[in-house]
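Undergrad: Read off the chains here:
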Amino acid sequence: MNWLQQLLNGISVGSIYALIALGYTMVYGIVKLINFAHGDVFMLGAFIGFYAITVLHLGFIPAILLTMAVTSLIGVLIERVAYRRLRNSPRIAALTTAIGVSLFIEYTTIYVRGAQPDVYPDLFGDRVIRVFGATTRVDTLVILLISVLLMLLLQWIVHYTKIGKAMRAVSYDADAARLMGISVDRTISWTFALGSALAGAAGVIFGLYYTKIDPLMGLIPGLKAFVAAVMGGIGSIPGAMVGGLLLGLVETGVSALGFSLFRDAVAFIILILILLFMPQGLFGKNVREKV
Amino acid sequence: MLSLEAIDVYYGKIHALKGVSLSVDEGEIVTLIGANGAGKTTLLRTISGLVRPKNGTIRFRGEDLTRRRPEDIVALGISHVPEGRRVFANLTVKENLEMGAYLRRDRAGIQADLERVFALFPRLKERLRQPAGTLSGGEQQMLAIGRALMARPKLLLMDEPSMGLAPVLVQTIFGIIREINAQGTTILLIEQNAHMALGVARRAYVIETGRIVLEGPSEALRQSEKVRAAYLGG
Ligand SMILES: Nc1ncnc2c1ncn2[C@@H]1O[C@H](COP(=O)(O)OP(=O)(O)O)[C@@H](O)[C@H]1O
Ligand SMILES: [Mg+2]
Numbered sequence: 001m002n003w004l005q006q007l008l009n010g011i012s013v014g015s016i017y018a019l020i021a022l023g024y025t026m027v028y029g030i031v032k033l034i035n036f037a038h039g040d041v042f043m044l045g046a047f048i049g050f051y052a053i054t055v056l057h058l059g060f061i062p063a064i065l066l067t068m069a070v071t072s073l074i075g076v077l078i079e080r081v082a083y084r085r086l087r088n089s090p091r092i093a094a095l096t097t098a099i100g101v102s103l104f105i106e107y108t109t110i111y112v113r114g115a116q117p118d119v120y121p122d123l124f125g126d127r128v129i130r131v132f133g134a135t136t137r138v139d140t141l142v143i144l145l146i147s148v149l150l151m152l153l154l155q156w157i158v159h160y161t162k163i164g165k166a167m168r169a170v171s172y173d174a175d176a177a178r179l180m181g182i183s184v185d186r187t188i189s190w191t192f193a194l195g196s197a198l199a200g201a202a203g204v205i206f207g208l209y210y211t212k213i214d215p216l217m218g219l220i221p222g223l224k225a226f227v228a229a230v231m232g233g234i235g236s237i238p239g240a241m242v243g244g245l246l247l248g249l250v251e252t253g254v255s256a257l258g259f260s261l262f263r264d265a266v267a268f269i270i271l272i273l274i275l276l277f278m279p280q281g282l283f284g285k286n287v288r289e290k291v
Numbered sequence: 001m002l003s004l005e006a007i008d009v010y011y012g013k014i015h016a017l018k019g020v021s022l023s024v025d026e027g028e029i030v031t032l033i034g035a036n037g038a039g040k041t042t043l044l045r046t047i048s049g050l051v052r053p054k055n056g057t058i059r060f061r062g063e064d065l066t067r068r069r070p071e072d073i074v075a076l077g078i079s080h081v082p083e084g085r086r087v088f089a090n091l092t093v094k095e096n097l098e099m100g101a102y103l104r105r106d107r108a109g110i111q112a113d114l115e116r117v118f119a120l121f122p123r124l125k126e127r128l129r130q131p132a133g134t135l136s137g138g139e140q141q142m143l144a145i146g147r148a149l150m151a152r153p154k155l156l157l158m159d160e161p162s163m164g165l166a167p168v169l170v171q172t173i174f175g176i177i178r179e180i181n182a183q184g185t186t187i188l189l190i191e192q193n194a195h196m197a198l199g200v201a202r203r204a205y206v207i208e209t210g211r212i213v214l215e216g217p218s219e220a221l222r223q224s225e226k227v228r229a230a231y232l233g234g
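Chains A and B, in that order, give the protein sequences.
At position 152 of the first sequence the residue is numbered 152 (full-length UniProt numbering), and the sequence of numbers has no breaks.
At position 14 of the second sequence the residue is numbered 14 (full-length UniProt numbering), and the sequence of numbers has no breaks.
In short, the hints are calculated from the structure, not lab data.
Honestly, I wouldn't trust all of these hints.
[Said to hold, decoys possible] Residues on chain B that point at chain A, a partial pick, calculated with CB under 8 Å:
1. Ser48
2. Leu50
3. Pro70
4. Glu71
5. Ala75
6. Pro82
7. Arg86
8. Asn90
9. Leu91
10. Gly100
11. Tyr102
12. Leu103
[Said to hold, decoys possible] Computed cross-link-like contacts, DSS-like style, restricted to lysine-lysine with a CA-CA straight-line distance of at most 30 Å:
13. B:Lys18 <-> B:Lys154
14. B:Lys154 <-> B:Lys125
15. B:Lys226 <-> B:Lys18
16. B:Lys125 <-> B:Lys94
17. B:Lys125 <-> A:Lys162
18. A:Lys32 <-> B:Lys54
19. B:Lys94 <-> A:Lys162
20. B:Lys54 <-> B:Lys13
21. A:Lys162 <-> A:Lys32
22. B:Lys94 <-> A:Lys32
23. B:Lys54 <-> B:Lys18
24. B:Lys94 <-> B:Lys154
25. B:Lys154 <-> B:Lys54
26. B:Lys154 <-> A:Lys162
27. B:Lys13 <-> A:Lys32
Note that beta-carbon positions come from the ideal geometry of N, C-alpha and C, so glycine has one too.
Construct the entire structure; sequences and hints are all you get.
TA: Given below as structure tokens:
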């Protein structure tokens, strides 16, 4: 256990938070809604990946791709069915609905498959790899690689594709975007699709890393990713990435220093401190880009 | 080309447009003048589909626009330069112009229109990669106009394009308005600067608290006692 190894662990855990946080922040940027069902989309992603590997016998990469496709559809469906008609309602109505959707997904999953956990197949074994003198599990590196690729892909979509530019335009000024002929509904659907695809990928990665998955597993990572998004400045894409990584590093650091009992509390202490002293987050003030 | 018949718009209990009828013919510049809060912006937002009228009909080149979505209205050939410019500050100048052409697929045509916008506003070409939020007020107005032109509209709706600009820039913008019109685009122009507006427009309407109270050729309105007293400073 040297510091480089801890650093890699921290980044891996952090990149899972970052992937989930991106969905929170993109949805918030465009519809000003904290989508509390987002952690459950992450959970569904873990199960879809699990079944894709164990039942469909897909390899790791095809399983992730299939999972992302399915969770993106689920995200679009959630917005369409639950949130769209509440877009101009008071915020509290949408928030309450989001909590309802979250509970609905959790308990439907329990109803369908039971509440017992499942254990992810060990795809990479206990193989370790030496990097700069540190030994690390192969899956740590796989997580890192996939997260980085997905975040780069997201940056590319947001900055260089037509739909990405439309997402930024709508999140800045929806009415002005309408005057360009941009369909706000369609753009919001795309936002949910992208955010949910990332959450789905995070679910599979999480399963691979922590092996145990269950229908309520979305709760804590979901809340922590939300903290990460707030820490980075809710609405900011780079903020969500940095916030997730920081949170992962801090948690790993706290554990490494021997305070592992406090690991889960750290996120919420950070949240309280941010809300008190820096409500706009790290990137919330100077970075105007909102999606 | 465009005709509104007995349009009523409400914001909750506020009756913002009261039986407004108005028409614009192909090739014209028509202006709508009125004081703050008279309902000018509401009228343009209603034409663009951002606001739904309670009663009345809007027709454009034979199509009923009355309850169409904004994106369909843009596709039919109406672009809107909104009040306060509303450029996407987080997007670059280039990206803003691309958003103006959002519904178009004809790459060559888009490129040609980009050149046309650069010809009208050489300043924008120098600032292409800059976030629109870093432009000056006048440059943002130019971008808002350029962005609307990128849809290659048949009818251009302009909401107080001279608002907040220095006198020299106001002259420039009005020159541009004439030029856009000379290139074949019909314009419905909203202004508080009645003097300038009556100078470029062929016909004019005057709106007061949601009602059209006067209409006619710009020249006639310029002579009217009422307009002189209320809008031209005596
Ligand atoms: N979104 C809105 N909600 C409620 N009232 C509005 C809204 N927009 C405008 N109004 C009211 O409608 C009237 C007309 O406003 P507006 O069309 O903006 O006038 P103008 O552009 O001529 O200044 C005003 O009384 C204004 O307060
Ligand atoms: Mg106005």
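Undergrad: None of the hints should be skipped; say for each whether it holds.
TA: Hints versus structure:
1. Ser48: holds (6 Å)
2. Leu50: OK, holds: Leu50 (chain B) within 8 Å of chain A, min 6 Å.
3. Pro70: Holds. Min distance 4 Å.
4. Glu71: holds (5 Å)
5. Ala75: OK, holds: Ala75 (chain B) within 8 Å of chain A, min 6 Å.
6. Pro82: Since chain A brings a Cβ to about 6 Å from Pro82 (chain B), closer than 8 Å, the hint holds.
7. Arg86: Given a least distance of 4 Å, the restraint on Arg86 (chain B) holds.
8. Asn90: holds (5 Å)
9. Leu91: holds (6 Å)
10. Gly100: holds (6 Å)
11. Tyr102: holds (5 Å)
12. Leu103: Because about 4 Å separates Leu103 (chain B) from the closest Cβ in chain A, which is inside the 8 Å limit, the hint holds.
13. B:Lys18 <-> B:Lys154: holds (27 Å)
14. B:Lys154 <-> B:Lys125: Between Lys154 (chain B) and Lys125 (chain B) the Cα gap is close to 24 Å, so the pair holds against 30 Å.
15. B:Lys226 <-> B:Lys18: holds (21 Å)
16. B:Lys125 <-> B:Lys94: Measuring from Cα to Cα gives roughly 9 Å; hence the hint holds.
17. B:Lys125 <-> A:Lys162: holds (21 Å)
18. A:Lys32 <-> B:Lys54: Given that 30 Å is the threshold and the Cα spacing comes to 29 Å, the pair holds.
19. B:Lys94 <-> A:Lys162: Cα-Cα ~13 Å, so holds.
20. B:Lys54 <-> B:Lys13: It holds: about 12 Å lies between the C-alpha atoms, which stays within 30 Å.
21. A:Lys162 <-> A:Lys32: holds (22 Å)
22. B:Lys94 <-> A:Lys32: holds (27 Å)
23. B:Lys54 <-> B:Lys18: holds (10 Å)
24. B:Lys94 <-> B:Lys154: Answer holds: Lys94 (chain B) to Lys154 (chain B) is near 22 Å, not above 30 Å.
25. B:Lys154 <-> B:Lys54: holds (26 Å)
26. B:Lys154 <-> A:Lys162: holds (24 Å)
27. B:Lys13 <-> A:Lys32: Holds - the C-alpha atoms of Lys32 (chain A) and Lys13 (chain B) are around 27 Å apart, at most 30 Å.
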